[in-house]
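One-letter residues, chain by chain:
Protein chains: 2
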Amino acid sequence: MEIAILGTGTVGRTLARALSGLGHQVQVGTRDVTVTQAREPAAYEGLSLLAYSDAAAGAELVINATAGTASMAALQAAGEQNLAGKTLLDVSNPLDFSGGFPPSLFVKDTDSLGEQIQRAFPEAHVVKTLNTMNAEVMVNPGLLATPTAVFLSGDHAGAKQQARTLLEGFGWEQIIDLGGITTARGVEMMLPMWLNLMSALGSATFNWAVVGGGDHG
Amino acid sequence: MEIAILGTGTVGRTLARALSGLGHQVQVGTRDVTVTQAREPAAYEGLSLLAYSDAAAGAELVINATAGTASMAALQAAGEQNLAGKTLLDVSNPLDFSGGFPPSLFVKDTDSLGEQIQRAFPEAHVVKTLNTMNAEVMVNPGLLATPTAVFLSGDHAGAKQQARTLLEGFGWEQIIDLGGITTARGVEMMLPMWLNLMSALGSATFNWAVVGGGDHG
Chain A
-13 MEIAILGTGT VGRTLARALS GLGHQVQVGT RDVTVTQARE PAAYEGLSLL
37 AYSDAAAGAE LVINATAGTA SMAALQAAGE QNLAGKTLLD VSNPLDFSGG
87 FPPSLFVKDT DSLGEQIQRA FPEAHVVKTL NTMNAEVMVN PGLLATPTAV
137 FLSGDHAGAK QQARTLLEGF GWEQIIDLGG ITTARGVEMM LPMWLNLMSA
187 LGSATFNWAV VGGGDHG
Chain B
-13 MEIAILGTGT VGRTLARALS GLGHQVQVGT RDVTVTQARE PAAYEGLSLL
37 AYSDAAAGAE LVINATAGTA SMAALQAAGE QNLAGKTLLD VSNPLDFSGG
87 FPPSLFVKDT DSLGEQIQRA FPEAHVVKTL NTMNAEVMVN PGLLATPTAV
137 FLSGDHAGAK QQARTLLEGF GWEQIIDLGG ITTARGVEMM LPMWLNLMSA
187 LGSATFNWAV VGGGDHG
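From first to last, the protein sequence lines stand for chains A and B.
Taken in order, the first sequence gives residues -13 to 203; the numbers are from my numbering.
Taken in order, the second sequence gives residues -13 to 203; the numbers are from my numbering.
In case anyone wonders, no lab produced these hints; they're calculated from the structure.
In this text the structure is predicted, and so the values were computed from the model without any measurement.
Be a bit skeptical, because a hint or two may be false.
[As the list claims (entries may be wrong)] Label pairs and their calculated CB-CB ranges:
hint : chain 1 : residue 1 : chain 2 : residue 2 : range
1    : A       : Gly144    : B       : Glu26     : 47 to 53 Å
2    : B       : Gly128    : A       : Gly71     : 34 to 40 Å
3    : A       : Gly32     : B       : Leu8      : 57 to 63 Å
4    : B       : Ala53     : A       : Gly7      : 37 to 43 Å
[Stated by the list, open to error] So, partial list: chain A residues that the calculated Cβ filter (under 8 Å) puts toward chain B:
hint : residue
5    : Gly44
6    : Glu46
7    : Ala131
8    : Ile161
9    : Leu164
10   : Thr169
11   : Met176
12   : Asn182
13   : Leu183
14   : Met184
15   : Ala186
16   : Gly198
17   : Asp201
18   : His202
[What the hints assert, rightly or not] Away from chain A, derived, C-beta distances all over 12 Å, residues of chain B:
hint : residue
19   : Leu36
20   : Ala43
21   : Asp95
22   : Glu159
23   : Asp201
Don't be surprised by glycine CBs; every beta carbon is placed ideally from N, CA and C.
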């Protein structure tokens, strides 16, 4: 599949390498290719860097892997017409680090970044997913001791099916469809807890599993 | 141990019965004993119902199991002097159902109900715990297929140790100390996701496990 990944941070690069490794044609979108390349040339080795709009134009599926504060501008640069009718995986989180650590959430509770993106790009098929674990775990859930959960939130059934197939490619086993895009509120509000746990465990290599009835006690 | 449970809803009654079963002396606090008894007499069979202040006065440990919107008033009725120097387990959640379902959170992100309670009762040793699963699972984590997680947030090490011992009495195995009371923000903001999952799974009998590195894939 032709996939555009918007964002050149750790998440974007990790997803790009993993999806390339699975045989997809991956283009990585950035605001200014020359500036990005100059900043840290080694980080982008082997990746195809394009301007946001060029990356999105040729893609069948687009992944928003930019920082939450930069997502709306990146998607606008990608261009509404280049997102229309396509699955748009939204991996971002509405973290505001302007007050230091821990970050606060710049949208929450009665709205979410996933919903804001869906409202701004009504013809894109937004699926919120993969925002609740670190990049290494996103593409390699087998790193963890037992199977853990990843979530899908979105209004378009076909797009969620496409997301599910992609997640299965990474090895995800517990893929839970939460419902419509409004359920992005819940997964985005898990981030403060994720950060608490990272501090408590002293590691970012962890994830949640959802455990149902079955009586082990 | 002499334990006061504030709140006569499902959570309060379930905790009261379980703690009595473990041999503790349990008093259940309510606003008006006569009114509560009259409302649903069978629900309180075998429980010792007292006014909030009478329940708290005789207790070594107090549990706030009231609805989040009612918690501050219940604790004020219990009396600052009856909470001072005691462990106060806060099981409540800041859910606001005034706009229907799903509820919103009346405090979040940069503050939490746990912190509000600690600020209002500075001499109580507040430990936020057990707010991230349903009542049945709280007191019987062995109901689930595999061990799952419960969290501790609080500023007083001795109170957290007392909470841990009580949780072990219920059979909890994965008890994670998140740090100070500010980490209550994270666990309280998990509630929207818990509600999403309950809808997706069609059951309230589930919980999170935290899974670390170990390579199962």
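Now for the hints, and whether the structure bears them out:
no.: 1; hint: A/Gly144 <-> B/Glu26: 47 to 53 Å; result: holds (48 Å)
no.: 2; hint: B/Gly128 <-> A/Gly71: 34 to 40 Å; result: violated (49 Å)
no.: 3; hint: A/Gly32 <-> B/Leu8: 57 to 63 Å; result: holds (60 Å)
no.: 4; hint: B/Ala53 <-> A/Gly7: 37 to 43 Å; result: violated (50 Å)
no.: 5; hint: Gly44; result: violated (32 Å)
no.: 6; hint: Glu46; result: violated (27 Å)
no.: 7; hint: Ala131; result: holds (3 Å)
no.: 8; hint: Ile161; result: violated (11 Å)
no.: 9; hint: Leu164; result: holds (5 Å)
no.: 10; hint: Thr169; result: holds (5 Å)
no.: 11; hint: Met176; result: holds (5 Å)
no.: 12; hint: Asn182; result: holds (4 Å)
no.: 13; hint: Leu183; result: holds (6 Å)
no.: 14; hint: Met184; result: violated (10 Å)
no.: 15; hint: Ala186; result: holds (5 Å)
no.: 16; hint: Gly198; result: holds (5 Å)
no.: 17; hint: Asp201; result: holds (6 Å)
no.: 18; hint: His202; result: holds (6 Å)
no.: 19; hint: Leu36; result: holds (32 Å)
no.: 20; hint: Ala43; result: holds (34 Å)
no.: 21; hint: Asp95; result: violated (5 Å)
no.: 22; hint: Glu159; result: violated (9 Å)
no.: 23; hint: Asp201; result: violated (6 Å)
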